[in-house]
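**Q** The chain contents come next:
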Amino acid sequence: MAEDKYRWGMVVDLDLCTGCQACVVACHAENNVPTVGEVETARRRSMHWIRIERYWHGADDELRAEFMPLLCQHCQNAPCEPVCPMYATYHDPNNQLNIQVYNRCAGIRYCGVNCPYKVRHFNWFDPYFPEPLNEQLNPDVTVRRRGIMEKCMFCIQRIRRARDEARARGEPFNTEEVKPACVQTCPTDALVFGNLLEPESEVARLARSPRAFVLLEDLGTEPSLFYLKRGESYVRTG
Amino acid sequence: MSVLDRAESRPGVARTRAEEEHRKTLLLDPRPQEELNTMVLEAMQRTGREYWVVVGVLAVLALGGFLGAWLYMILTGVGVTGLSRPNYWGIFIASFIFWIGISHAGTFISAILRIFGAEYRRPITRAAEMMTTTSLLVAASFLGIHVGRVWVSYWIVPYPNQRGLWPNYHSPFLWDEMAIITYLVGSTLYLYLPLIPDLAMARDRLAGWRGKLYRAMALGWTGTESQWHHLNLAIKVFSVVIIPVMFSVHTIVSWDLAMTKAIGWRSSIFAPYFIVGAVYSGLSAAITVLIIARSSMKLHYFIREEHINALARLVLIFSFTWTYFFFADFLTEWYGGDAAGHTLITLQTVGQMAPFWWTMLFFNIVVPWLTLWNGRIRRSPIALLLITIGINIGMYLERYIIVTGFLRRNHTPFNWGDYAPSVVEIAIIGGSLCTFLLLYALLSRLVPLIPVWEVREGQLTHGLRRVGRATVPTVAELEE
Amino acid sequence: MADQAVVMGSFTDIEPSVDALDDLRALGIPDADITVMSSLPYSPGVLGRPHPKSRLPMISLVSAVVGLVAGLFFTAITPYLYIVRVGGQPIVPVPPTLLLLYEFIMLLLIVGTFGGFLFLNHFPSDKPQYYDPKLSDGRIGILVHCAPEKVTEAMAVFQTHGAEDVHEPERREL
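Protein chains in written order, with this note's numbering: chain D, 1 to 238; chain Z, 1 to 480; chain L, 1 to 174.
In case anyone wonders, no lab produced these hints; they're calculated from the structure.
Note that the Cβ used here is the ideal one computed from N, Cα and C, for glycine as well.
Hints may contain errors.
[Unchecked claim] Residues from chain D that keep clear of chain L, each with C-beta distances beyond 10 Å, as calculated:
1. 22
2. 80
3. 91
[As the list claims (entries may be wrong)] Simulated restraints, written as ranges between beta carbons of each label pair:
4. D/19 to Z/161: 27 to 37 Å
5. Z/112 to L/27: 45 to 55 Å
6. Z/465 to L/125: 39 to 49 Å
7. Z/472 to L/50: 26 to 36 Å
8. D/103 to Z/117: 34 to 44 Å
9. L/162 to Z/137: 48 to 58 Å
10. L/14 to Z/240: 22 to 32 Å
11. L/61 to Z/366: 46 to 56 Å
12. D/4 to Z/181: 21 to 31 Å
13. L/50 to Z/51: 47 to 57 Å
14. L/82 to D/63: 47 to 57 Å
[Unchecked claim] If you only want the chain Z side, here are some residues facing chain D, beta carbon under 7 Å, derived:
15. 70
16. 78
17. 167
18. 173
19. 374
Bound-form chain D, shown alone (with noise of 0.2 Å):
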């Protein structure tokens, strides 16, 4: 299918963050992130497919916290993906994204290594679901089990259901349509979720906005994913 094409890209507007984490936790619900405890957090094993950073500015009388949300930038030249000897990731030319297949993962870490982002995470062990967490699995998608290498992939589920639904109804598929559970989640709309290639979509358009950056380009991987520079203003420019 030719007209099949889409670019996925999300916007941040590091403007709007407030740090308050809640796509953190619907990122965890969605996706069957396990929560890894205290314990594994504090030796820098947490799973977040989507984590706030934090970085403190200022000196100490006014000191100033920022956040930066950072999930898998979906880069274009992705690094990750070469490096894998299983094709375990991959580049979905469809779809623009950079798409994890668990099955095929023999857990060399690889592409932890040399994504620049690190926003790659293994399973150090097996998923735990604490009660009641358990019960409230996404039939949508695996639950990964221990030894792999698990990212974000945009709610790719999420992405398929609402293009298959609107062929089913013969509709023509609206990508506005799609948000994946950080973006539905975020209450403060920092984030902005769509399709790159229609040059109105909200995210196109933010994505051209003047105070749009990426991160670490000069290494060159192209990402699809934009930050909206913090600015003075809580205008958005777009």
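Go by the hints and put chains Z and L onto chain D.
**A** Just chains Z and L, lined up with the frame of chain D:
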């Protein structure tokens, strides 16, 4: 022999030290082949109580540390290691690189010295080649230990399967796999080929299970001209082919790191730097093993202080070369590196890696440079045993710093994190060393450690010749 | 060769054995009917024997070519059997492919050379052979296939040159 006797009988000629040394390295005091055979076979069957105690202890440690701890890790998960998010690779990869490095000694001593006609190599080639094969086995097992799901790791082999999926040839890991398979096959066969005549010799003289084993392994060797001809040709082909394969192995191992975007790893100097380091640690390990084998198997006739001296000189040269590469790599990062690179340098020189970093410099540069220029030290087995073990500690730390040190810092400071190996990791590392020693100890009692026919061939062709007031050794091969 | 007799003489030193070889040739026994066995690789030049030709280099070359073909299949054809794209790289990347071709060539060259060595020597073989275990102690054995009437002459040659042992050997288990 007659040439020797003539030189010997010349009255009033005092031998200089250099002459003496040449005579000893070239084993110019030949004994009948029967006696050499007996010496080698006796050494091979020297399995006293001490030997079995050592083997037993090693076997327990290898089973417990290596297989036991590994099995525990397979059953629980890689989480039992000290690895975490920025430090996805740890001491297992460092050990993998270390053992691959050790495996370079055999090829270097055997093939390179063979091609360049360094005659002192003859008695020590086999001991070094056996190290290559054994350490490669240990190294390859670390790839299995490292991965999260070892039970599917065979998917890396290209074979038609029900998934319809072939491996990804873009991945340096796959290049690595190919290089290691090639090197393992090549070095094992290269160990085996020159062994065949010696196995035939053992077959002729031993009965029982050993007789049966050697009868099978000698393949029906009778030593006819055409057999020798084909053997010589095959050895020539192998020694030419195995050298570039050896270079490719460590080159690709270094590219596993150098192909990434990690700070400090992406360096074009890594390939030669790693090769030099590998030969450096490999030669040192060869000296360690030769000294131990020589005294435990009573091989003083074959392996002499002069051989160790010759190898120790090479070690000193490689110490210089390693320092050169180390400095070139360090200076580039120090001078032209960005802020992230500088955090790495701080981490290593004064930060948490500093104890390892300075110990590495001490064992790799200070100790060899202060000692190995001295001929007396180069001839002292005890001193060399300590120095070479020190060098390998230093080289292990080098790999540890390169693999685990550089991953701790990256482009996004939120994801900086430290690493220390866990008990399980240390048990596996210790167990792997015991496995190597165990395999080597068993192998040394199963195959003749000295290539008798090569030593004899050397003794037949080398001689002494008067030039002016001196007697100099002459060297030739049985060509033509 | 069924009607032919076999004589074997063994020497401790190389010089008399080479002299014996000359005399055997003078007797009219062609080089093809003489086999020298030793525990050391005496070259044809040392023994004064014709230089043998070996097919081993050709086998090595052919296996290297097989390696190249196999390498091309794995690195350049299998990626097209199931196309999986990875970021920013072509389906068949040229520099890594060259590297892998090199490894495939080397692997097959190594395996092929070893296989050729086994094949040319008919290894492994557990058939009975003409052999003397003393050969591995440094003796040089000369094995002569000749017409039965020449046996005494050949034995005489061996004895003149001081052979340690002259007899008509049987094939024996090694």
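**Q** Which of the listed hints are not met by the structure?
**A** Violated hints (numbers, rising): 2, 3, 4, 8, 12, 15, 19; every other hint is consistent with the structure.
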